[in-house]
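Build out the structure end to end from the sequences listed, making use of the hints.
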Amino acid sequence: MVFMNNKVKKTIPQLITLAVVVLIFGFFTFNAQTNMENRGIEFGYGFLSQESSFDVQFSLIDYDGSYSYGRAYLVGLLNTLLVAFLGILIATVIGVVIGIARLSPNYLIEKTAAFYVEFFRNIPLLLQIFFWYFAALRALPLPQDADPIFFGVSYLTIKGLFIPRFIWENFDIFSYSVIAAVVSILVIRNYAKKLQENEGKQLPTFSISIGLLIILPFLTFLIGGVSLSFEIPVIKQLSVTSFVYEGGLGIPPELIALTLALALYTATFIAECVRAGIQGISKGQKEAAASIGLNPNQILKLVIMPQALRIIIPPTTNQYLNLTKNSSLAAAIAYPDLVLVFAGTALMQTGRAIEIVSITMFTYLSISLSISVLMNWYNKKIAIKEK
Amino acid sequence: MNKLNFLKPDKENMKIYLYTGSFLFLISTMDVFLNSFFKLNITSFLPNFLSLLLPLILGSFGLHLIRIEFSGIKYLDLANKKINSSNFNAVLTLLIIFVIIKAAPATMSWFIFDANIAGDSKEACTGTGACWTYIKIWLRRFLYGMYPNDQQWRINISFIILVFLAFAGYFTTERLKKYLTLYYVIIYPIIAYILIYYLISGGSFNLEWVETGAWGGLSLTFIVSFFCLIFCFPLGMILALGRRSSLPTIKYISISFIEFWRGVPLITVLFMSSAMFPMFLPEDFFMDKLVRVIIAISLFEAAYVAEVIRGGLQALPRGQYDAAKSLGMGYWKMHIFVILPQALKLVIPGIANTFLALVKDTPLIFVVGLLEIVGMLNLAKTNPKWLGFAMEGYVFAAITFWIICYAMSRYSQNLELKFKTER
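Chains as they are written, first to last, in the numbering used here: chain A, 12 to 398; chain G, 99 to 521.
Incorrect hints may have been included.
[Unchecked claim] Taking beta-carbon pairs under 7 Å as the criterion, some of the chain A residues facing chain G (in silico):
1. K21
2. N46
3. L137
4. L138
5. F145
6. A354
7. T371
8. M372
9. S379
[Unchecked claim] Derived, one-sided and incomplete: chain G residues facing chain A with beta-carbon distance under 8 Å:
10. I181
11. S183
12. F369
Bear in mind the hints are in silico, worked out from the structure with no lab data behind them. Glycine included, C-beta positions come from ideal geometry on N, C-alpha and C.
Dropping the structure here:
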């Protein structure tokens, strides 16, 4: 009787929850069907292969109006990934520097880092993006007034940053050589580790790695027929008042503003993760390492960092994920990312709200979920193995 | 007199080191100071490159000289320890001091000395600094959006009442204290809703009806964050309990709900609420834009709150659950009286961070056409009479948001200290 009672007690709430969820979903589906019937829309993803007939300002792959909506989706996705990648790179560098600076014994440095964190963290990201785009970058000179920067080959103007374009010959041989260098470095590192564990000998792995990374690609220039030349942006007058740069690589101001804002904002959170990680290592670890005769560099590399990384990496990955999701704010300054190109323009044109919004959400969802699966795997790998 | 070794200052010739070092340091600071405040370059006879680096070289050498260990002078030792512990630190210290000196006059003149606040048109702004006139003229729009000027007292009064009622907890007698949770969770939101529905929205009691499209500015930021905050907290709590439930259906529904909302960006959620959600409703059913936005943000933030609370639930030692069960408490009694009060206390910083994120996310409602303060700024920026004041507007909004967010984070730190219990 008691057993029965318990079973009923466990089943009823589950049944009720399930019923409520199913009812809500059923209600929505029913409404969606009637609404679409009334408007004469047919549900389906066939529109993806139709001609899109809209243009995108900035694209990493060939694209114009004659390509399909599917291609437009790809353009948006690549642009999103580009800004996320750049943002993560810069945010990590700034974040680590600021995080370490917050633990500096120097009062001024510590306070400056704290000021940076408190300042950028408490201002909405959207506001920061607007600030960089509408206020800061608009103060840059016009193309015809811009002074060359960075050894005189780049121009930072209101129309964006113009840098030289690399022109490779036999680029594939070069990239193979880089891959070969990386693989051989990994092999040597493995060997050095074994050597140290077995015989106690130390190899100068760092200088060997650097050497390999420089020599192997350099050899391809000498004997592999690889050559590299630059195409420098040159200003050209179109009409009396209109100037453009020809040649070179143009980075649009939208991308600059978005990357800058995302990186500066996310860096504050990464800095806090780094600080918490290093602070989380007890002082005894450092003292113990010093007492067995390790020098400060070795202490940081062999004792503190491996332990601190265990604390730092999970929340930092979370921040990377946040940065990727926040890159969707691009829509506010018309950087053609996934949301603007697909959930904006494509939705406007086709009116297929359900399909497009669901594809967009599903894309972000799969990025997030795959990163969190990777994260869990990594977490398990580095977790302290207790015996 | 002993031999002077300038590479390794010691205590014996302390005075000489001290005077030379301080003199060099002062000279270098003076050079930068004169350069930045009076546009004088006292080292202009040197080549450009050297003239730029000279203060840094002189200053770091000066700091090197006064780095005397155990000098016995209290402040010197303190300064050496705090800002001058090594050559590297000395250079960084100097760089920071120089940057502050360099940036001070430009910032000050932009903000105050060359700024204008008088007058009521663009022409009044003659200085090279900020044009605060723009903020002054547009202040009502930034605070109340398109809400009619003569009706804005309604927003003011509602907010005053709400703030006053929020502090009711401080004034209650001991006897009523046990009802406080009930008050904050149920009664207070209802009062807030009634106030906003009848007073701000209007339409009855001889009050003019103001559609939600006209609401905006900072007051809309407050309204949206207030309601989302109230809704997302209980929802997040239920989801957190659901995720830790032993009943599989409830557990997996909670997990998929939480992971779904956490995996998508807020902007797509708002897109969904404006473009996709109406398709899911019966055709004759109309839901206000503002209500849709509040529902969307609440669901979104609830997932984050749920994860934070789950962290607190997991951090509680098993003994607490066992002890509650051994007293014969059921699931709800155990959670309400034993587990949740302790778990919530543990996660105050996390919840505060989520709420901060919520406030910082409110500007995104521009996606559905609601203009809170940042949206209003972008609208004002395009006004042909007031072109070219984007910087002032963003600085104003940044300061406003910074004050709100910083105050919130300080308050949460206080709360954390207040509720801290020794374990």
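Here's how the hints hold up against the structure:
no.	hint	result
1	K21	6 Å, holds
2	N46	5 Å, holds
3	L137	4 Å, holds
4	L138	5 Å, holds
5	F145	5 Å, holds
6	A354	5 Å, holds
7	T371	5 Å, holds
8	M372	5 Å, holds
9	S379	4 Å, holds
10	I181	5 Å, holds
11	S183	6 Å, holds
12	F369	5 Å, holds
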